[in-house]
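Novice: We have chain A; now place chain B onto it with these hints.
As a plain string of letters, each chain reads:
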Amino acid sequence: MLAESLALSAALFTIGVVGVLTRRNAIIVFMCVELMLNAVNLSFVALSKVYGATGQVFVIFVMTVAAAEAAVGLAIIISIFRHKKSVNLQDINLLRG
Amino acid sequence: MQAHPLAETVARLVWFLPLLPLIGFLINGALSLKSAYVAGPADPDGHDGEHANHGEHQDVGGHGGTGHDAHGHDDHAPAVRHKFAAITSIVGPGVMVLSFGLALAIFFAMRGAEMHNPYINTLFSWMPAGSLQLNAALQLDALSMVMVLVITGVGMLIHIFSVGYMQDDPGYPRYFAYLNLFVFFMLLLVLGANYVVTFVGWEGVGLCSYLLIGFWFSEKANADAGKKAFIVNRIGDFGFMVAMFMIFAHVGSLDYVTIAERAGSFAPGGLVVTAICLFLFLGCAGKSAQIPLYTWLPDAMAGPTPVSALIHAATMVTAGVFLVARSSMLFSIAPVASLTVALTGAVTAIFAATIGLKQWDIKKVLAYSTVSQLGYMFVGVGVGAYTAGVFHLITHAFFKALLFLGSGSVIYVMHRAYHATHNHGDDAQDMRNMGGMKQFMPITWTLMWIATLAIAGVPPFSGFFSKDEILAAVFSRAHGSPLADATLLGMPGSTVLYLIWVLALAAALLTAIYMTRMMLYTFHGPNRTGDAAKPHLAEAPWVMTGPLVVLGVLSLAGGWLNLPKVITDLIPVGPTATLEHWLEPVVGAATSRVAGGAAHLSATTEELLIGTAVAIAIAGIAIAWTRLKPAALTTKNAAVPATGIQRVLENKWYVDEAYDATVVKPIYGASKGVLWAGVDVGIIDTMLVNGTAALARFFGWVGSQLQTGRVGTYAWLLVIGAVLVLRAFARAS
Chain A
1 MLAESLALSA
11 ALFTIGVVGV
21 LTRRNAIIVF
31 MCVELMLNAV
41 NLSFVALSKV
51 YGATGQVFVI
61 FVMTVAAAEA
71 AVGLAIIISI
81 FRHKKSVNLQ
91 DINLLRG
Chain B
1 MQAHPLAETV
11 ARLVWFLPLL
21 PLIGFLINGA
31 LSLKSAYVAG
41 PADPDGHDGE
51 HANHGEHQDV
61 GGHGGTGHDA
71 HGHDDHAPAV
81 RHKFAAITSI
91 VGPGVMVLSF
101 GLALAIFFAM
111 RGAEMHNPYI
121 NTLFSWMPAG
131 SLQLNAALQL
141 DALSMVMVLV
151 ITGVGMLIHI
161 FSVGYMQDDP
171 GYPRYFAYLN
181 LFVFFMLLLV
191 LGANYVVTFV
201 GWEGVGLCSY
211 LLIGFWFSEK
221 ANADAGKKAF
231 IVNRIGDFGF
241 MVAMFMIFAH
251 VGSLDYVTIA
261 ERAGSFAPGG
271 LVVTAICLFL
281 FLGCAGKSAQ
291 IPLYTWLPDA
301 MAGPTPVSAL
311 IHAATMVTAG
321 VFLVARSSML
331 FSIAPVASLT
341 VALTGAVTAI
351 FAATIGLKQW
361 DIKKVLAYST
371 VSQLGYMFVG
381 VGVGAYTAGV
391 FHLITHAFFK
401 ALLFLGSGSV
411 IYVMHRAYHA
421 THNHGDDAQD
431 MRNMGGMKQF
441 MPITWTLMWI
451 ATLAIAGVPP
461 FSGFFSKDEI
471 LAAVFSRAHG
481 SPLADATLLG
491 MPGSTVLYLI
501 WVLALAAALL
511 TAIYMTRMML
521 YTFHGPNRTG
531 DAAKPHLAEA
541 PWVMTGPLVV
551 LGVLSLAGGW
561 LNLPKVITDL
571 IPVGPTATLE
581 HWLEPVVGAA
591 TSRVAGGAAH
601 LSATTEELLI
611 GTAVAIAIAG
621 IAIAWTRLKP
631 AALTTKNAAV
641 PATGIQRVLE
651 NKWYVDEAYD
661 ATVVKPIYGA
671 SKGVLWAGVD
681 VGIIDTMLVN
691 GTAALARFFG
701 WVGSQLQTGR
711 VGTYAWLLVI
721 GAVLVLRAFA
731 RAS
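Chains A and B supply the protein sequences, listed in that same order.
In terms of our numbering, the first sequence opens at residue 1 and continues consecutively.
In terms of our numbering, the second sequence opens at residue 1 and continues consecutively.
It is worth saying that the hints were derived from the structure and are not from the lab.
Any given hint might turn out to be false.
Away from chain A, derived, C-beta distances all over 10 Å, residues of chain B [what the hints assert, rightly or not]: (1) S32; (2) A275; (3) T340; (4) N527; (5) G530; (6) N651; (7) G712.
A partial selection of chain A residues facing chain B, derived with a Cβ cut-off under 8 Å [stated by the list, open to error]: (8) V17; (9) V20; (10) L21; (11) V87; (12) L89; (13) N93; (14) L94.
Pulled from the structure, derived: some chain B residues nowhere near chain A, Cβ distances all over 12 Å [to be verified]: (15) A136; (16) I443; (17) A577; (18) R710.
Think of the CB as a built atom: it goes at the ideal place given N, C-alpha and C, for glycine as much as any other residue.
Pulled out of the complex, with its shape left as it was, chain A reads as follows:
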């Protein structure tokens, strides 16, 4: 059961990473980041079976931070959209050196 859970977690994390690296739509990238976080949550929960309940406590923390991050991140994306009429990451290059 543990192995399957970790495999699922790894698969979800990899999907998240690939999504972040390849997609151009900021919203999708953002969702992929959420996916990575939840993949990690899954492995925390799974491993708590071996190492005790500490991992589950961390899951609560991660979810809290993820909620805050979602609020801030979506606010930024909306603000960028208002400014640029686009959420394409290719267009967001104001910091180019």
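Specialist: Showing chain B alone in chain A's frame:
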């Protein structure tokens, strides 16, 4: 350890000796900061105080006429004096009088005390650093006492003379500040109880010499002469310092007393002690103007004449002789080094004397004469006749100070006359412009003749006794002494000593000739000043002539300090060998070590030697007197250029030019071509300074290329980084 017999006497105040001039320096220095001076009523626009309004306008190299123009319009303005000249006139010579009085008191205390060891007055612990324990300590013994008496005594007279000579100079307090500071350092030099205190004095007198040579620094030639003196002396100081390091490395102490105790651990004539002595002598050659470092002294005549008398004749330049005598415990076990000292001295003596033959500037004659006489002193200390060397140092201080101050009087009078007659083109120092000064300045004339006879070595004047003692010492050491057994440059020591003796005699002949020449051209024959200036020629004021009289008496009677036995046996005129007995505790052991098995000269030989020396002196005077015709002399402006050997002598054997071509120019070229263009501009500026900036800019550029501004790139880098970190963790665990 029982208390020293001097500890309870006035000698415990020995540190007051240098302190007094230091106080004078502080007061005069403070006064000189106020550069304002009282301008006379007839001088409404208050001419700039930059330049000496009287005194000589120094023309180094005899280029007449430069620097005289500035005064074309204020000839009869009242003398421009410094506001505080009156205070300086009291403080400057006053501290010297006090110092001399104290020196006399200490001297009498020393005569009364039974002392076998030097009295060391430790002021404070100066550099306690590991095995190097240095105290700021003063050493009072027979040698330093003699030097202190000469410095404070002659120095006092010259300070008094300066009151007259420099009175109308706007820099009057500054002048006395420097002069006082010089005496302070000079006393430190001779009183130091270890090489380091002596070295502080040594450097200090060099500084004051520089400041005073360039006293009228607004003329470039004077400033250059000061720099030359300073730089040439650096070469010598390098030798002094290396010698100090070697002494400390091998003896473990720099105190004279300790070194004297441990000097026996050196192998006599060994490489180490010879090297130490040669390095020390390099220092002495710089300070005392010996070949090859003598060239700065004639240029040093750019300073005021009393300075030449005090620093560049009587005291500072004799510091080298003093140092050899002070280090006699080392020199006496290094025969090769001692022979080198003596030979260098003899060669310098004759070399400088030949140049003195054809100089026209009265001060230049005396400058080369000083170099020559210093050579004599080194012959004395070189052959281990330390008493004779110091004796000549003393008598030379008397008669050379007299000669310089006398020439200062003449220059002062000449300049006064030129000044009064609006003559600004003629050189007040050139003997060709003088002549016949006897009728105007009879006192100076008499005194100058006394000094001339003294330096020429005519009995019974002081120079005769000291010079004769040196010659006799050279002659007696030529057989059976360690010096005679040593080898120098492949020549046996006795040959070298005979050579030195011949050179010294020849130098004595030349000395008599050029000094008589100077007297003839300056004081005898017709007057060449010009009819306008003639009525203005008269004796200088008494404040200047007075010290001359005292020095005249000393030059006349200085020989009584150390009458040789052969004379007192012949004519019982006074006590025998006073100075020798006095210096016995300090240099006696070293002297007898150098003399070794050399037999005392028989009375007949000694009489013969004296006869030769006197005959040579008189012959020199006679040659000059009969061959030179002052009446045929023309003024400087009308003189025809000399030819042949005379021209070579007039140009000082072209040594300055040779040094310029072989040392100065290459160093200058190397500095400009290699050090400046190569090292400074090439390596330091281009490579190091600008190079580091370029490197930083390059890395900045590389960093800026990473900033694409694309979130995707950052994400990729983040992932790569995370993978690398994870991998590193995986490896580590």
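Novice: Would you assess whether N527 of chain B, listed as outside the interface, keeps its beta-carbon beyond 10 Å of every beta-carbon in chain A?
Specialist: N527 of chain B clear of chain A: closest Cβ-Cβ about 92 Å, beyond 10 Å.
Novice: Just want to verify: I443 of chain B was marked as not at the interface with chain A; is every Cβ pair farther apart than 12 Å?
Specialist: Nearest chain A Cβ is 93 Å from I443 of chain B, so the label holds.
Novice: Beyond 10 Å from chain A, beta-carbon-wise, is G530 of chain B?
Specialist: holds (87 Å)
Novice: Just double-check S32 of chain B for me: nearest Cβ-Cβ distance to chain A has to come out over 10 Å.
Specialist: It holds; S32 of chain B is separated from chain A by about 64 Å at its closest Cβ, greater than 10 Å.
Novice: The output says A275 of chain B does not contact chain A. Does that hold with a beta carbon cutoff of 10 Å?
Specialist: Non-interface label stands for A275 of chain B: nearest chain A Cβ at 66 Å, farther than 10 Å.
Novice: Just to be careful: measuring from the Cβ of V17 of chain A to every Cβ in chain B, is the smallest value less than 8 Å?
Specialist: Holds, because the Cβ-Cβ distance from V17 of chain A to chain B comes to roughly 6 Å (cut-off 8 Å).
Novice: At a threshold of 8 Å, is the proposed contact between V87 of chain A and chain B supported by beta-carbon distances?
Specialist: violated (12 Å)
Novice: So A577 of chain B supposedly isn't at the interface. Is its beta-carbon more than 12 Å from every beta-carbon in chain A?
Specialist: Its Cβ never comes within 12 Å of chain A, the nearest being 94 Å, so this holds.
Novice: With 10 Å as the threshold, tell me whether G712 of chain B passes as away from chain A on beta-carbon distances.
Specialist: Violated, because the least Cβ-Cβ distance between G712 of chain B and chain A comes to about 6 Å, which does not exceed 10 Å.
Novice: Taking 8 Å as the limit, does the beta-carbon of N93 of chain A come near enough to a beta-carbon in chain B?
Specialist: holds (4 Å)
Novice: Confirm or reject the statement that N651 of chain B sits farther than 10 Å, beta carbon to beta carbon, from all of chain A.
Specialist: holds (73 Å)
Novice: How about L89 of chain A: closest beta carbon in chain B under 8 Å, or not?
Specialist: Holds: closest Cβ of chain B sits about 5 Å from L89 of chain A, inside 8 Å.
This entry does not satisfy hints 7, 11 and 18, going by the numbered hints stated previously.
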